[in-house]
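Trainee: Sequence:
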Amino acid sequence: MNISFNSSLVGEQRVLKIFRKLLPEISEMQRVVREGGFEDARASLNLPLTRRWANESQRLAKESAIANASNLLVIGIGGSNLGTIAVQQAVLGKNYNLTARRKVFYLDTVDPDYTASTLEFVKSELKRGKKAVVNVISKSGSTTETISLFNVVLSQLKPYDSELEKMIVVTTNRDSALWNYAMKKGLRALEIPKMVGGRYSVLSNVGLFPLAFLGVNVRALLAGAREMVERAVSKNQRFNLPAKLAAVQYAHFLSGKMIVNLFLFGNDFESVGKWYRQLVGESLGKEFNLVGKRVETGLTPIVSVGTTDLHSVGQLYLGGPNDKFSIFVKTNKWRSKLRVKKQAEFEKLVRDIGGKSLGEIMDAVFDGVLRTYAKRKRPFVRVELDGKTER
Numbered sequence: 111m112n113i114s115f116n117s118s119l120v121g122e123q124r125v126l127k128i129f130r131k132l133l134p135e136i137s138e139m140q141r142v143v144r145e146g147g148f149e150d151a152r153a154s155l156n157l158p159l160t161r162r163w164a165n166e167s168q169r170l171a172k173e174s175a176i177a178n179a180s181n182l183l184v185i186g187i188g189g190s191n192l193g194t195i196a197v198q199q200a201v202l203g204k205n206y207n208l209t210a211r212r213k214v215f216y217l218d219t220v221d222p223d224y225t226a227s228t229l230e231f232v233k234s235e236l237k238r239g240k241k242a243v244v245n246v247i248s249k250s251g252s253t254t255e256t257i258s259l260f261n262v263v264l265s266q267l268k269p270y271d272s273e274l275e276k277m278i279v280v281t282t283n284r285d286s287a288l289w290n291y292a293m294k295k296g297l298r299a300l301e302i303p304k305m306v307g308g309r310y311s312v313l314s315n316v317g318l319f320p321l322a323f324l325g326v327n328v329r330a331l332l333a334g335a336r337e338m339v340e341r342a343v344s345k346n347q348r349f350n351l352p353a354k355l356a357a358v359q360y361a362h363f364l365s366g367k368m369i370v371n372l373f374l375f376g377n378d379f380e381s382v383g384k385w386y387r388q389l390v391g392e393s394l395g396k397e398f399n400l401v402g403k404r405v406e407t408g409l410t411p412i413v414s415v416g417t418t419d420l421h422s423v424g425q426l427y428l429g430g431p432n433d434k435f436s437i438f439v440k441t442n443k444w445r446s447k448l449r450v451k452k453q454a455e456f457e458k459l460v461r462d463i464g465g466k467s468l469g470e471i472m473d474a475v476f477d478g479v480l481r482t483y484a485k486r487k488r489p490f491v492r493v494e495l496d497g498k499t500e501r
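Just so you know, the sequence shown maps onto residues 111 to 501 in the working numbering.
Simulated from the structure, these hints should not be mistaken for lab results. Mixed in with the good hints there might be a few duds.
[Stated by the list, open to error] Straight line, CA to CA, 20 Å or less: simulated SDA-like cross-link-like pairs of lysine to any residue:
hint, residue 1, residue 2
1, K204, K498
2, K233, Y216
3, K396, G307
4, K485, K172
5, K241, Q266
6, K240, K268
7, K384, T219
8, K487, F363
9, K241, R169
10, K434, T417
Please work from the sequences and hints to get the whole structure.
Mentor: In structure tokens form, the structure reads like this:
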């Protein structure tokens, strides 16, 4: 991965000044990592540093009854599914279900029509003798949408699989109402560490079980996360890229840029944007500060997908108010090598595309957009990934 701050329009000395203010918090983060465990509000830092959750999730995913299933229903909302969807689609592709042997369906909102159409497909699978795993996820154990959907799924699918309860996996806080329900019913249950906030929980059983079931290499995923934790707790400003990016964003926030635009070039990354939107919105949107003073502050995160949104909001971004800081993300390795065939009649429509791969065209648009942003003094950072892989 490579991150360039050359067009951030924030000087190195300004970044360093803000970074120094972060050092006490970084010291606390170092303490949490050094002590281990999950008793601190920063405990999510330790998720990739322990094998427990991966071991539990992988062991369950390999159990014969679970491993032989062809469908997975993930029932959960917000932190219970956004991170999982982000990883699954980035690694396996947004169109994963079209060709996958194991299909995954996410039920979050209580949209009756979407829920009904999803369950109709699963019913058709059960009629054919296939099995479905139902993974219900709620940190509190009492999320209205999740429990409502869990009830509907059970009542709708039980007539088609008399052993459906053997395929249920409950993921929740130990001793929550949902945990106690699972214990009473004899259901499989996976624990969420209590001090890990839902939006940070993808590297716990919340995300690791469904991802392991779908074939994502969770060991490699955790290895990559460990590398980022190492950076995040470093007091070396050049090495600590997360803190440096935070400092740049904060500098623009102080200058009045209250909107941060995560501009993702690649359809498979769109759900990464939706998860990022939650992380920024819930973490920074605050009515009160830490001492109880009403501040009503925060950044407004927006998500854009290239090249699609260049044709919907590109004019606003480049010609409208200069009130946004942007983070551009792309991969350097596209899976597909699809090319535009050289044909004279097409050359008359758009010049110089014959023989080019779609990835090359995407890369050219990406570079052109960033040149235009730089020319118009629209601040941004550039992130280039080494591929769509777990690590």
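Trainee: Next step is simple, just say for each hint if it's right about the structure.
Mentor: Each hint tested on the structure:
| no. | hint | in the structure |
| --- | --- | --- |
| 1 | K204 <-> K498 | 12 Å, holds |
| 2 | K233 <-> Y216 | 15 Å, holds |
| 3 | K396 <-> G307 | 16 Å, holds |
| 4 | K485 <-> K172 | 53 Å, violated |
| 5 | K241 <-> Q266 | 14 Å, holds |
| 6 | K240 <-> K268 | 13 Å, holds |
| 7 | K384 <-> T219 | 15 Å, holds |
| 8 | K487 <-> F363 | 16 Å, holds |
| 9 | K241 <-> R169 | 19 Å, holds |
| 10 | K434 <-> T417 | 19 Å, holds |
Of the hints listed earlier, the one the structure fails to meet is number 4.
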